[in-house]
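Given these sequences and hints, build the entire structure.
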Amino acid sequence: MNTQEIKDYFGDRVIYTFSGSLDELADLQSKTTNSYNYIIVAGQIYFVAEKSVDDARASVLE
Amino acid sequence: MYAKLLTGGSAVVTYQAIRDIARLITSSSPSTSLLGGFSQASSVIIDSTPAGWTYVGSSHASDQPSIAAVSNTTYPANGIRAIMACSAPCLEGSALKYVCLTMGRQGSGTLLGGINITAAQSVTSVGVATNEGPCYYNLNTTNANLYPYTISTAANTTIHLIANQRHVTLIQEGAGIHAVWEMSMSDPNRFYGRAPVAQYLHATSSNFTVPENMSGPIDFAASTKTGSAICALNAITDVNTATFYGNYEPTILGTRNFPNFFQKGSDYRNNSVTSTGALAYNVQPLFMSAGALGYPAQAISGVVPVYITKPGIGTSGDTIYVNGEAYTWFNAGGGFGLALKTS
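So the protein lines, in turn, are chains A and B. Position one of the first sequence corresponds to residue 1 (this note's numbering), numbered consecutively onward. Position one of the second sequence corresponds to residue 63 (this note's numbering), numbered consecutively onward.
A couple of the hints might just be wrong.
[Said to hold, decoys possible] In silico EDC-like links for lysine to aspartate or glutamate, alpha-carbon gap of 20 Å or less:
id, chain 1, residue 1, chain 2, residue 2
1, B, Lys287, A, Asp8
2, A, Lys7, B, Asp300
3, B, Lys403, B, Glu387
4, A, Lys7, B, Glu387
5, B, Lys287, A, Glu5
6, A, Lys51, B, Asp300
7, B, Lys287, A, Asp12
8, A, Lys7, B, Glu154
Simulated from the structure, these hints should not be mistaken for lab results.
Dropping the structure here:
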């Protein structure tokens with residue numbers, strides 16, 4: 001999947017890349033009570049969340 | 063477990079209906095006394111075999127850690143999407159499957175927003191869901207009517223709730239279904255340690271349109287996605303590319319991976335004939351076939367006691383025989399009927 005296909009997959013939502021592990025993402029989202037959906041493409045985690053995410057490991061996909 | 067749930071002469075608050083469903087599928091003794099929204103007087107528990115699900119939790123504080131109190135009439139605030147979740151083991155493996163019960167339209171001011179059932183990879187006790195499956199909802203409580211896409215709790219509605227440890231199936235009489243179904247295990251599921259789970263949402267089965275890509279719940283107010291039939295596999299890895307999909311649904315690689323779910327019309331499963339020329343109904347098993355991702359065909363029928371039929375072949379509650387075994391037939395609208403065992 002290329003970037004456009006990832007955007008198409010998630011639709012009209014803010015997509016984040018995550019530089020940590022899946023366990024770290026789960027821990028972050030649990031602590032902030034923020035439901036999320038993710039996809040892994042070529043080892044990179046992309047995710048969308050119910051609420052905005054403020055964490056250094058999460059960057060908005062441009 | 064089979065509960066025939068009636069709203070009666072007045073609409074039922076959707077959040078109460080969700081609580082009722084969660085209570086019933088997690089109860090060791092399903093009974094109409096567990097109903098706080100649906101009419102206790104007119105609803106009926108037709109098969110009280112416990113469904114065997116476990117209450118996980120909710121994002122709504124008053125539903126943590128329990129929903130036992132039938133008298134609870136507190137609701138989520140406007141504009142907040144509340145999740146209520148239950149889990150059950152699969153036939154094989156340690157991964158649990160999760161069912162999320164949510165409302166189509168949110169908020170205490172408009173609580174008649176319709177029910178959604180979705181699968182999820184996991185849900186915490188405070189309702190944090192990971193990879194919840196696709197559905198429509200609306201945070202704008204004054205916006206579009208979601209009933210064509212959700213199970214209605216309007217007045218004079220009958221909802222059939224059928225569940226065992228393999229599935230939760232909600233049928234709105236004469237309209238459609240929302241369901242989470244376990245599938246047969248596959249080697250890729252074993253290798254990746256994932257529960258084999260599919261969800262199918264088709265609340266108006268006479269309307270056949272598949273939405274654009276939907277990776278998860280979609281705010282109806284902010285989207286033009288209006289397809290009526292939503293089908294997805296939960297938490298699945300493409301064996302060939304190692305791409306992990308939180309939810310994999312047919313518009314990503316085409317409906318060829320979902321060979322026998324979607325309707326082409328009400329004659330999609332038309333009449334058949336016996337060897338002696340007598341009328342026979344064309345009753346078909348349900349299965350998935352995500353061959354493009356490296357998965358074999360995975361049976362739903364046989365794991366979940368369900369078959370899909372032509373619509374209108376009888377009346378809900380009729381007994382029909384599939385390969386000599388008795389099933390209960392349900393009128394799931396103009397697209398199809400469903401035959402299910404209730405225990």
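Comparing the hints with the structure gives:
1. B/Lys287 x A/Asp8: holds, 12 Å
2. A/Lys7 x B/Asp300: It holds: about 18 Å lies between the C-alpha atoms, which stays within 20 Å.
3. B/Lys403 x B/Glu387: holds, 9 Å
4. A/Lys7 x B/Glu387: Violated. A/Lys7 to B/Glu387 sits at ~47 Å, over the 20 Å cutoff.
5. B/Lys287 x A/Glu5: holds, 17 Å
6. A/Lys51 x B/Asp300: Not satisfied, since the Cα-Cα distance of roughly 28 Å exceeds 20 Å.
7. B/Lys287 x A/Asp12: Roughly 10 Å separates the two Cα atoms, so the pair holds.
8. A/Lys7 x B/Glu154: Not satisfied, since the Cα-Cα distance of roughly 35 Å exceeds 20 Å.
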